[in-house]
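Trainee: The residues making up each chain are set out below.
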Amino acid sequence: MQIDRFVEKDVVITAVRGRLDSSTSPKLDEFMAVIPDGSSALLLDFAELTYISSAGLRVVLKAAKLAKGSGVTLAICGLIPPVHEVFDVSGFSTLIPIHPTRDAALAILA
Amino acid sequence: MIIAQLDLRLANDLAELEPLVRALEFFAEASALPEKVAHRLTLAVDEFVNNAVDYGYADRRAGEITVSVRHRGEEVEVVLADDGDAFDPFTAPAPDLTSSIEERRIGGLGVHLVRTLAARFAYRREDGCNVVTLAFTLDG
Numbered sequence: 001m002q003i004d005r006f007v008e009k010d011v012v013i014t015a016v017r018g019r020l021d022s023s024t025s026p027k028l029d030e031f032m033a034v035i036p037d038g039s040s041a042l043l044l045d046f047a048e049l050t051y052i053s054s055a056g057l058r059v060v061l062k063a064a065k066l067a068k069g070s071g072v073t074l075a076i077c078g079l080i081p082p083v084h085e086v087f088d089v090s091g092f093s094t095l096i097p098i099h100p101t102r103d104a105a106l107a108i109l110a
Numbered sequence: 001m002i003i004a005q006l007d008l009r010l011a012n013d014l015a016e017l018e019p020l021v022r023a024l025e026f027f028a029e030a031s032a033l034p035e036k037v038a039h040r041l042t043l044a045v046d047e048f049v050n051n052a053v054d055y056g057y058a059d060r061r062a063g064e065i066t067v068s069v070r071h072r073g074e075e076v077e078v079v080l081a082d083d084g085d086a087f088d089p090f091t092a093p094a095p096d097l098t099s100s101i102e103e104r105r106i107g108g109l110g111v112h113l114v115r116t117l118a119a120r121f122a123y124r125r126e127d128g129c130n131v132v133t134l135a136f137t138l139d140g
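Chains as they are written, first to last, in the UniProt record's numbering: chain L, 1 to 110; chain F, 1 to 140.
Simulated from the structure, these hints should not be mistaken for lab results. Even for Gly, the Cβ is constructed at its ideal location relative to N, Cα and C. Treat the hints with caution; some may be incorrect.
What the hints assert, rightly or not - Partner residues aside, some chain F positions facing chain L, computed with beta carbon under 8 Å:
1. LEU8
2. LEU10
3. ASP13
4. LEU14
5. LEU17
6. GLU35
7. LYS36
8. THR42
9. LEU43
10. PRO93
11. LEU97
12. THR98
13. GLU102
14. ARG104
15. ILE106
Claimed, not checked - Footprint (simulated), chain F over chain L, 3 or more residues, beta carbon under 8 Å:
16. 17 to 30
17. 36 to 42
18. 49 to 58
19. 76 to 88
Full structure from sequences and hints, please.
Mentor: Laid out in structure tokens, this is it:
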């Protein structure tokens, strides 16, 4: 798994590549534990995420809770169909805004 | 080439997951499984092996987990067996899927995901082992 971070118009974008499972999710958890000062929104770009398990969902929910408590929006973009299916079945699709692409997300968040 | 069957034997150690996932990816590719079916298959094995290793051996004894994957007609069938403490995963309560972000409980989603995505699932205790059988339809 690889994690990259960019900032575009006060939106902090965290792009995750590869697999988010029990062995890799602690790394993302660490990354999402602090919300950078001045952020208006957080975007998890999962366009290159090929796999997610319940351990990955746990980190996403934790990050969403932290953002909500800090008054910052957290959104997700770019889910491939098998990953989107996991978000749907876990009930996360109705909890966290999911955008088809990074551009579509930024059009709303920025 | 079509690989019809995959049989793996692992120790009750999370370090076994990485080679296990590689083997499943190889099976999925060699059997030309649709993307969604491959993801469901890996998810099922990942969730159940994690649970068995984390909760099945409270006294930390060494144990053995076997994973068999079979391509059968319009289905992929998975049989997972572990010699851990007796536990039927399908008796776990349904998770909360509707409350707000603040109230949503973290965790408890693994078994829910797998049982929802599987076409059928069953548990039996046999010869000192927990045996879980799952089937996924190939049309996703």
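Trainee: Which numbered hints are broken by the structure, listed smallest first?
Mentor: 1, 2, 3, 10 and 17
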